[in-house]
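Using the sequences provided together with the hints, build the complete structure.
Going line by line, the protein sequences match chains A and B. Numbering follows our numbering, in which position 82 of the first sequence is assigned residue number 82; successive positions increment by one, without gaps. Numbering follows our numbering, in which position 367 of the second sequence is assigned residue number 367; successive positions increment by one, without gaps.
Hints are not guaranteed to be accurate.
[Stated by the list, open to error] In the DMTMM-like style, the derived pairs of lysine to aspartate or glutamate whose C-alpha atoms are separated by at most 20 Å in a straight line are: (1) K57(A) <-> D40(B); (2) K22(A) <-> D75(B); (3) K351(B) <-> E36(A); (4) K22(A) <-> E399(B); (5) K93(B) <-> E237(B); (6) K6(A) <-> D24(A); (7) K180(B) <-> D152(B); (8) K22(A) <-> D40(B); (9) K6(A) <-> E36(A); (10) K57(A) <-> E393(B); (11) K289(B) <-> D378(B); (12) K180(B) <-> E126(B); (13) K124(A) <-> D50(A); (14) K124(A) <-> D112(A); (15) K57(A) <-> E111(A); (16) K57(A) <-> E399(B); (17) K12(B) <-> E374(B); (18) K61(B) <-> D75(B); (19) K114(B) <-> E126(B); (20) K78(A) <-> D49(A); (21) K22(A) <-> D92(A); (22) K22(A) <-> D406(B); (23) K61(B) <-> D40(B).
[To be verified] So the derived list for chain A, only partly shown, Cβ under 7 Å to chain B, looks like this: (24) P35; (25) G38; (26) K42; (27) G62; (28) C63; (29) I88.
[To be verified] Listed next, the stretches of chain A that the computed footprint assigns to chain B, with coverage defined by at least 3 CB atoms under 8 Å from CB atoms of chain B: (30) 27-33; (31) 55-61; (32) 92-102.
Calculated directly from the structure, the hints in this document are not laboratory data. Beta carbons are placed, not taken as given, at the ideal position from N, Cα and C, and that holds for glycine.
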Amino acid sequence: MAYSDKVLDHYNQPRNVGALPKSDPNVGTGVVGAPECGDVMKLQIRVNDDGVIEEAKFKTFGCGSAIASSSLATEWVKGKTLEEAAAIRNTDIVQELNLPPIKIHCSVLAEDAIRAAVSDYQAKRASRNS
Amino acid sequence: MSQLADLRAAVKLPLYMDNHATTRCDPRVLAAMLPYFSEDYGNAASRTHVFGRTTEAAVDKARAQVAAAIGASADREIVFTSGATESDNLAIKGVAHMYRDKGDHLITVATEHKAVLDAHHALEREGFRTTFLQVGSDGLINLEELRAAITDQTILVSVMAVNNEIGVVQPLAEIGKLCKERGVLFFCDAAQAVGKIPVDVEAWQVDLLAFTAHKMYGPKGVGALWVRRKAPRVRLEPLFHGGGHERGLRSGTLAVPLIVAFGEAAEIAVREQPQEAVRLLALRERLLKGLQGNLEHLYVNGSLDHRSPGSLNVSFAYVEGESLLMGISDIAVSSGSACTSASLEPSYVLKALGVGDELAHTSIRFGLGRFTTEAEVDYAVARVTEVVNRLREMSPLWEMVQEGIDLSTVNWTGH
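Set out below in structure tokens:
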């Protein structure tokens with residue numbers, strides 16, 4: 001299979017690989033996928049007091065397209081509000097990375113990872129305020 | 001890093017380590033076949049003139065070379081085909097259709113090549129029944145299970161010699177003995193075996209044997225089916241009907257240049273097999289020891305004791321196979337990862353061994369061959385180590401394992 005230049009770029013120079021402290025109240029963590037399905041994504045966001053994502057990190061077990069999708073997702077969520085981040089659609093990722101049909105599930109996983117991180121952060125906030 | 005650069009400078013990239021898929025045509029083989037394109041181009045069936053008689057003699061010579069490579073005494077038992085897939089189909093469907101009156105039951109193994117498995121599935125649609133034997137975690141069948149599976153309705157047992165994904169060698173002589181005792185025909189797909197391990201149709205007591213030129217440094221597009229003619233005389237229903245070539249078993253004008261090349265390739269492969277096996281085993285040991293010395297959580301798939309010498313299938317836990325292939329793009333290998341197949345399912349062979357899907361996704365198959373050098377193995381070790389380390393650094397699974405989390409206790413959100 002031929003990879004698009006953008007997938008290769010993200011695979012070779014992944015943006016924002018790493019981890020944020022899970023227990024930090026300002027950090028939201030989303031882990032999606034399963035090892036037996038061949039891909040697991042962990043996406044983390046750090047949210048400031050204005051509700052804006054200032055930092056994002058990822059780690060991904062998966063094919064090159066999965067790595068590229070999560071790398072791109074971390075780039076896109078930075079500077080966005082939680083609502084804006086949660087509005088990112090997998091189809092935007094497909095388009096940006098030129099993913100072939102067989103790799104669309106990678107983009108779906110990235111969308112799920114963003115939402116999981118956002119809801120994790122919101123759940124933390126809710127439990128703190130209650 | 002500078003060590004990797006030194007190792008890189010010692011080899012010509014890209015490296016070819018996918019010799020299970022196919023092999024480079026040996027220059028000696030290519031030289032042997034070339035005259036048969038535009039100089040000696042007669043139809044081997046044209047006995048009325050010198051062009052045909054020349055090529056007929058060349059085919060006779062190749063037939064003898066090919067027969068000798070598998071320990072067959074009579075070269076008239078060789079049927080030339082287009083390759084192992086055709087030979088597999090001719091053997092299995094040919095026997096089933098010819099012996100339908102004797103029984104409707106076939107036995108094969110879950111880890112066989114798709115050509116064998118799908119030929120059985122096609123026969124099942126015609127009303128035949130198949131038992132697919134399972135294998136142990138070493139990839140080997142259990143002889144007692146085979147014995148128990150044979151009934152008075154069984155007409156054929158098909159077991160491959162060397163597995164194409166894991167290189168495991170089945171206990172062929174024992175299988176042959178069992179089949180002989182029970183009066184059942186034994187077919188062996190030896191595509192990955194000839195030239196790699198000693199192949200002997202008499203020692204194995206096999207009745208039909210399929211093999212192909214392009215796995216032994218010959219050209220693609222030519223193979224053979226060896227069919228026993230005495231004790232017992234095996235009869236087949238042909239797949240192709242036509243001019244009655246190959247004793248009516250495979251009509252179609254003989255591909256003389258390819259057949260000549262096949263003969264040459266088989267002779268060289270078998271002549272060089274003893275020394276080559278020692279050399280390849282040493283290279284494989286070097287590869288495995290090198291990887292094991294650099295990386296932890298590495299699992300060899302299939303038996304190391306019963307294995308073709310140039311073959312190594314390894315799972316690099318927590319690193320998905322396709323992403324690893326992408327990282328080592330200057331080394332040609334293949335993966336059992338679902339992402340490298342159209343089906344999105346990981347390797348059925350690894351599954352049959354009981355390798356979990358999560359490890360099957362991380363498997364890489366190395367196929368060392370005649371043109372593989374020590375310098376290439378050293379480069380592969382360094383390069384794979386570099387990429388596995390890089391990908392593990394970005395693997396959430398690796399991170400969890402480092403934190404002491406048991407991955408089997410995690411509640412995953414499958415999709």
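Status of each hint after checking the structure:
With a C-alpha separation of about 67 Å, the suggested pair K57(A) and D40(B) falls outside the 20 Å cut-off, and the hint is violated. For the hint linking K22(A) to D75(B), the alpha-carbon distance of about 71 Å lies beyond 20 Å, and the restraint is violated. The suggested pairing of K351(B) with E36(A) holds, with an alpha-carbon distance near 11 Å, which does not exceed 20 Å. A C-alpha spacing of about 13 Å is found between K22(A) and E399(B), which places the hinted pair at or below 20 Å, so the restraint holds.
With a CA separation close to 8 Å, the supplied pair K93(B) and E237(B) stays within the 20 Å bound. Of the supplied pair hints, the one linking K6(A) and D24(A) is violated, its CA atoms being roughly 33 Å apart against a limit of 20 Å. Distance hint between K180(B) and D152(B) is fulfilled; the C-alpha atoms sit about 13 Å from each other, no more than 20 Å. Proximity of K22(A) to D40(B) is assessed by CA-CA distance (about 75 Å); at most 20 Å being required, the pair is judged violated.
This hinted pair does not check out: K6(A) and E36(A) have alpha carbons roughly 27 Å apart, beyond 20 Å. For the suggested pair K57(A) and E393(B), the alpha carbons sit about 13 Å apart, so the restraint of at most 20 Å is met. Proposed proximity of K289(B) and D378(B) is supported: the alpha carbons are some 11 Å apart, at most 20 Å. With a C-alpha separation of about 27 Å, the suggested pairing of K180(B) with E126(B) is violated against the 20 Å cut-off.
Pair hint K124(A) plus D50(A) holds up; C-alpha atoms about 16 Å apart against a cutoff of 20 Å. Between K124(A) and D112(A), the direct Cα distance comes to roughly 18 Å. Compliance with the 20 Å bound is thereby established for this hinted pair. Note on K57(A) and E111(A): the hinted pairing holds, with a Cα-Cα distance of about 14 Å set against a maximum of 20 Å. Annotation: proposed proximity of K57(A) to E399(B) holds, straight-line Cα distance about 13 Å (limit 20 Å).
Distance restraint check for K12(B) and E374(B): the Cα-Cα separation of roughly 13 Å lies within the 20 Å cut-off, and the hinted pair is therefore satisfied. Straight-line distance between C-alpha atoms of K61(B) and D75(B) comes to about 9 Å, which keeps the hinted pair within the 20 Å bound. Of the pairs offered as hints, the one joining K114(B) and E126(B) holds, with about 18 Å between alpha carbons and a cut-off of 20 Å not exceeded. The suggested pairing of K78(A) with D49(A) holds, with an alpha-carbon distance near 15 Å, which does not exceed 20 Å.
Between K22(A) and D92(A) the CA atoms are separated by roughly 28 Å; this puts the pair beyond 20 Å, and the hint is violated. For a cut-off of 20 Å, the pair hint linking K22(A) to D406(B) stands: about 18 Å separates their Cα positions. Our distance criterion of 20 Å between C-alpha atoms is met by K61(B) and D40(B), whose separation comes to about 15 Å. With its C-beta approaching chain B no nearer than about 4 Å, P35(A) sits inside the 7 Å limit, and its interface hint holds.
With its C-beta approaching chain B no nearer than about 4 Å, G38(A) sits inside the 7 Å limit, and its interface hint holds. Hint status for K42(A) relative to chain B: holds, with the closest Cβ pair at about 4 Å, below 7 Å. Checking G62(A) against chain B by beta carbon gives a least distance of about 5 Å; that is within 7 Å, so the hint holds. Because the closest C-beta pair between C63(A) and chain B is about 4 Å apart, less than 7 Å, the hint holds.
Annotation: interface hint on I88(A) violated; nearest CB of chain B at approximately 17 Å, more than 7 Å. Given as covered by chain B, the stretch 27-33 of chain A passes the check, having 3 residues with a CB less than 8 Å from a CB of that chain where 3 are the minimum. Only residues whose C-beta sits within less than 8 Å of a C-beta in chain B count toward coverage, and the stretch 55-61 of chain A has 4 of them, enough to reach three; the restraint holds. Residues of the stretch 92-102 of chain A lying with their CB closer than 8 Å to a CB of chain B number 1, which falls below the three-residue condition for coverage.
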